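> Keeping their order, the protein sequence lines are chains A and B. Read left to right, the first sequence gives residues 1279 to 1595 (the working numbering). Read left to right, the second sequence gives residues 1279 to 1595 (the working numbering).
Since the hints were made in silico from the structure, they are not lab data. Among the clues, some could well be false.
[Stated by the list, open to error] So the derived list for chain A, only partly shown, Cβ under 10 Å to chain B, looks like this: (1) 1291; (2) 1298; (3) 1306; (4) 1340; (5) 1364; (6) 1367; (7) 1369; (8) 1371; (9) 1373; (10) 1379; (11) 1380; (12) 1381; (13) 1382; (14) 1383.
As the structure is a prediction and not an experimental result, all values here were calculated from the model. Where a beta carbon is used, it is the ideal one built from N, C-alpha and C, also for glycine.
Number of protein chains: 2
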Amino acid sequence: MIGVICLNPALDITYHVPAVDWTGVNRPSSVRARPGGKGLNVARTLRSLGAEVLVMGLAGGITGAGVDAALRELGVPADFVPVGGETRRTVTIVDGRGGEAASFNEPGPVTGAAEFGELCARYDEALAGCAAVVLSGSLPPGLPADSYATLIEMAAAAGVPAVLDTHGEALLRGAAACPAIVKPNLAELEALTGRPLCTARGADRQAVAAAAGQLRATGAQAVVASLGAAGLLATTQDGSWHAFPPAAVTGNATGAGDAVAAGLAHGLVLGRPWDERLRHAVALGTACAAAPAAGEFSPADYASILGRVTVCRDGDR
Amino acid sequence: MIGVICLNPALDITYHVPAVDWTGVNRPSSVRARPGGKGLNVARTLRSLGAEVLVMGLAGGITGAGVDAALRELGVPADFVPVGGETRRTVTIVDGRGGEAASFNEPGPVTGAAEFGELCARYDEALAGCAAVVLSGSLPPGLPADSYATLIEMAAAAGVPAVLDTHGEALLRGAAACPAIVKPNLAELEALTGRPLCTARGADRQAVAAAAGQLRATGAQAVVASLGAAGLLATTQDGSWHAFPPAAVTGNATGAGDAVAAGLAHGLVLGRPWDERLRHAVALGTACAAAPAAGEFSPADYASILGRVTVCRDGDR
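Build the full structure now, drawing on both the sequences and the hints.
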């Protein structure tokens, strides 16, 4: 079983409006509401791969109950600790004219130490049945930046490897707790290092590799930087790799990053060597970017892309 | 007790964003979620006036449960028939720069005859304890346009007067069932008659009176047209009146219209003569327009405005 920690889940609401009036009353032509937050996308992707998963997290209020019920409908087992606040919503409005979208992300409920303590107790019990854990997404307001570090240390004590996908201080503190893999994207690495990592021609791979090495030096066993359409750059104790898809796919970037995290955790649990792990992660990420909703992908896309991913070991070319 | 029928309630979500990026990701500085839909605003205003109310309506899914729970917290008794679909949300985004707002109104759950039948059964039972009923707001998709007419006829059979506040075909059919009062606004009257009722100097009172008379001729015992800041124009079997506030208040127009409906129902139940009924309705509407949220008002505003409302009987000037 793979444990997926989602401390700040969401209900993602998407409205399609044929021609938005940004100063008036609109009647969406379609309304979609589904469980969201990076962790839940990871869990759904893992579930689609046939992996056994358990979502653990914090949820509150009517929106929390809605997320819980919707996950159950999707066949994703979840064990949420109830919190006093209301689980957050995200609202995305897609304008039918140009396909442009505006999102409004609520911050999530202020969460207290007692609520996090209850989560830790349940998590500690569940670790015995976990082959790996994925810790993904933002921390809700109120939780200290070392919350992921605490969970990673608990996993390590139980002999369970951890994959971390978050940003800012929570990423820095989490990386220092020596997880098996951290998966920052370019923006997250740039924020950490304070250096631009892109040139006019795209990601500056040398600069990214240096930033990833810097992050790995703080404790993480491996750093896999996601470069969007340019694939993944992995810096590990066994060497470095660049893996990239056959062609750029424009699409759902959030879903793609979460699919990469799912693919890395899946490969870790299956004992795949790094090159194969990255090949699958790139194929999954690319297939998910092409799908309309985060956490979903077409298995045919995944299979078709898998054979066309290029994986280079550092020094190969 | 005043029964308030709300067939298409809503959860009203409001985001304040300091400077909206209509093509990007926004983090609202404040998030407010409260029960909405015209009927629920009427019920809250009546409750604030100290009237005993019972909300009857249709609600479904997690959002329906949320509306029900939030009403209970506000001390408004409600009896919702559960429906298979999901109760609608409305999302309003207020831009902190200019105060402009965009709203996105979901249509509401498709509702079937069996669900409406169950509502009718409960309503019929509750009518014995009602001094009046208010039927307010849109019909959910799936219900026929004569649904309000059915409910008004049932009330009449039980000797209970009805106040109707809706639009389009449901208003026309409802008016034909001879309710005590219908309360269209200018836009609704214009849509019914197909004639513009405003000039550059505001509402054309003569044209409005003619349109109201036309609507009254279809069956309604009284028509009270709300003219926004220009007050109310009433056409009844006892005569016609114009009642208007001391000064124009710009603010929450939806809340103001619902407060007028509440004021009219309250005056009806208390047996106030038409001039007093209108005076209170105008004061309530004006006080509610000045309040930040629909269904709320400052009692001090209400009391202060009450003494300064002008009520003219047709022919008085």
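> Each hint should be assessed against the structure and marked as holding or not.
Evaluation of the provided hints:
1. 1291: This hint holds: residue 1291 of chain A lies near chain B, its Cβ roughly 7 Å from the closest one there, short of 10 Å.
2. 1298: 7 Å, holds
3. 1306: 6 Å, holds
4. 1340: It holds, given that the least Cβ distance between residue 1340 of chain A and chain B is near 4 Å, below 10 Å.
5. 1364: 7 Å, holds
6. 1367: Result: holds, 7 Å to nearest chain B Cβ.
7. 1369: Where the cut-off is 10 Å and the nearest Cβ of chain B is about 5 Å from residue 1369 of chain A, the hint holds.
8. 1371: 6 Å, holds
9. 1373: Since chain B brings a Cβ to about 8 Å from residue 1373 of chain A, closer than 10 Å, the hint holds.
10. 1379: Cβ of residue 1379 of chain A sits 7 Å from chain B, so the hint holds.
11. 1380: With a minimum Cβ separation of about 5 Å from chain B (threshold 10 Å), the hint on residue 1380 of chain A holds.
12. 1381: This hint holds: residue 1381 of chain A lies near chain B, its Cβ roughly 5 Å from the closest one there, short of 10 Å.
13. 1382: 5 Å, holds
14. 1383: At 6 Å from the nearest chain B Cβ, residue 1383 of chain A passes the 10 Å test, so the hint holds.
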